[in-house]
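J.: Chain residues, written in single-letter form:
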Amino acid sequence: MAFNELSFLFLLFPAVALLHWIVPGILGKNILLLVGSLVFFAWGCPEYLFLMVMIILFNFFSGLQIQQRKEAGESTGITLAVSVILNLLLLGFFKYWGFLVENINALLGTEIPLRQLPMPIGVSFFTFSVLSYLFDVSRDKAPASRNILEFSLFVTFFPKLVSGPIVQYADMRQQISQRKLSKLKFGKGCRLFLIGLAKKVLLANTLGTTFYAVTGLQSDSVSTVTAWLGAVCYSLMLYFDFGGYSDMAIGLAQMFGFEFEKNFDYPYQSSSITEFWRRWHISLGAWFRDYVYIPLGGSREGTPKTVRNLLIVWALTGIWHGAAWNFVFWGLYYGLLLLLEKFVLKAVLEKIPTFIKRIGTLILVIIGWVFFFSPDLSAAFTWLGRMFGIGGPGLLDGTARYYLSSSAIILVISALSAFPLGDRLGSALLRSRSKRPVYVSLAWYAVLLALCIAGMMSSTYSSFLYFQF
Amino acid sequence: MEQNHSPKRSPRRQSPYQRNRRLQGKLLKWLLLGSIALILVLSLLIPDKAFSESENRSLAQRPTKADLLDGTYLQDLGDYFADQFPGRDFWMTVNLGFNKLLGQRESSGVYLGSDDYLMQIPGEPNTLQAQRNLEAVNRFVEKYPELNTVMTVAPNAVTVHADKLPANAPVRDQRQDLAHIRQGLKGVRFVDVTDTLTAHADEYLFYKTDHHWTSLGAYYAFTQIAASLDITPPALSTYTVYPVSVTFEGTLSSKSGSHAALDTVEIFVPDTQIEYYVTYGDSGEMISSLYHRPALEVKDHYTVFFGGNYPRVDITTSADTERSLLVFKDSYANCMIQFLYPYFDRIIMIDPRYYYDNVDLVIKSQNITDVLFLYNLDTYLADASLADVLTTE
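Chain order of the listed sequences is A and B.
Under this note's numbering, the first residue of the first sequence is numbered 1, with each subsequent residue one higher.
Under this note's numbering, the first residue of the second sequence is numbered 1, with each subsequent residue one higher.
Because the hints were derived from the structure by calculation, they are not lab data.
Heads up, some of the hints might be wrong.
Said to hold, decoys possible - Cross-link-like lysine-lysine pairs, in silico, DSBU-like; alpha carbons within 35 Å at most: (1) B:Lys26 <-> A:Lys180; (2) A:Lys357 <-> A:Lys346; (3) A:Lys29 <-> B:Lys29; (4) B:Lys100 <-> A:Lys180; (5) A:Lys185 <-> A:Lys435; (6) A:Lys262 <-> B:Lys164; (7) A:Lys342 <-> A:Lys357; (8) A:Lys29 <-> A:Lys183; (9) B:Lys29 <-> A:Lys262; (10) B:Lys299 <-> A:Lys435.
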């Protein structure tokens, strides 16, 4: 299930919100949120509900055992290692098994049969949440949970279950047992949810129509402008899709009293790759920093080790995004750019004006997304070739004109929305002594909501066409 | 936030900004929850629909307890809610309008052309099948050299009414596809009607909301095919034209969700005393009309021609020309027969997509003298059945 489905917005969400309001006491509310989260999870894949319960129980008891051994002064290494490996194996089975088998078959010429199971929704995200728990407990960042209800809610809490943010246990622990609900928070949450919904349904999905049309073209009819148009549409689409979803997640959590850190902070205004990754998918970057990079020694043990650590982190970041070589390549591409930025070009970059650095960063990021959206590495290089005039029907052709003209408006709106202008404008207007800007903003959000409903509705549109040709 | 001393601030000590944000939050809460509540109440009050005219499909119904057991209950509930969503068609129209406003010129594989023209975007051809079909037709001609075999593959609206396409819209070059077919054929009289149709492109040759050509479009094609069949085509003015529907909304309307135009379906009755009857397949049912009036009561008014596609339809006439025509066809041929019947004692239409019997037997037993392959290009290039029917032993 996803937040931009009609059945979530009009069935599950109001049911949970209403009951959360009626049920008294934090215990009752937590039980309700857990049940709601399990229904949310089971909506898409009921067959994995039992697996989810097992994951919760296993990690709950692992946490307790780590805590126990620590209190007894024993080493926690083996317990931690076993628990972490089991979680990773599960993730590996669902996400990487097919990739692994394909590569083994290709390398050794074997024919290991492959039966791919559908992934449980959010498996990449909740596995990382759970891992953060095990590490936090073993490192005294937080005590092990002794309350199975609270722990279950931490793992399955539906706003963050499917697409994050990857909330670390230490940051959520206290909010589960004691959090303040307020009308102010609920209102703020509603606003964030509506903004996120509009980003996803109105911007991302509209950009998607152009992106999918353009990438569906025959490779020899992709001109330079078409290739750039596709890459730019994808860059914006991915940001509004994922960023919008994160906004909805954080907004929903806020309605139920939880405060999560923002997951995106206008990444496309970054003036360096380092800055970009501080602004893009912040919770994932933080996770890799806290649980991989720093434990490996971070940047404290000399340049060679720092280089090694960065490359490990970025190869992992790449493969986390998808089980294919182009994702590994994409991760290492960022690893190398960061190394260049950190060690080689530092002095040069300091002299370049910020404006130029922003444009340069943006172009490098857009090029990176080509590896992300292409089905494989050779397709990615073909597309990059088209972007730089290699092959294809030249700079600009009729096809490019058609797609440019049909996406020009949405591109301008999206590009403006990728920068904090609207946010600042809204805040500035609300500083007025008058209440009128509030009512204007209400009308604005009402229009957005209506258009979102229309968009959500239309995605379920499927005419049955018994084509009588 | 600087004056955030106590959790319960009195409204008077808020800055205008805080007060406005607070008011905004409150209003947005009511906006979101109120809209949800309103929609829920409406969906409870409005009775469920079984069928969507605009989408041309059955709508999902309330899931049963049986679904609860096989684990699909929640999914089915979601589908049911979406299909019975209040104002479903209204929201579609809003969404399409919004997308058009943003500059979109296509919807679900349909170009939104000028003058409310909807045009199916031709798909990528199935090259292998197309080659198989060509070879099968060639073998057929080799096998029956005594038959007069004619083939016409009609271009689609995107080619004929190209001036109605959105500016710069990328379209397959159908002329090139047709040239390719012509080159691949041996011993077949291939008639390319593209130029004849485009010469009349300012007339109503294709429906605005449907993927078929109009009777007028078929007429112009007929005037060109006629020579290959040794027919002298009568002038357009000799036909009596009856508009049998002015409210036709075709498949492209359903597919794109655009309901901006209604089409007129016309039938062309030739000036002749020749009588005929129509028999459908093996049923032996005899009807004295090419036209199927009940079609005008249902959604697809194009099925007024023969009531749709059947594996085999025979038209027996009193023409007494000692010629019999075998037509291998898709639905484009359905409105062509009204022009052809006065010139043959018998016309047998075979739709290879639904026909599984032996063609050789038909040719021998019915004294076939002429054969016409009549398709439209988009279907022809994706068709996988013609070769099979022609090579059945």
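J.: Taking the numbered hints from earlier one at a time, note which ones the structure violates and give those numbers from smallest to largest.
T.: Checked against the structure, the hints that fail are numbers 4, 6, 10, while the rest are satisfied.
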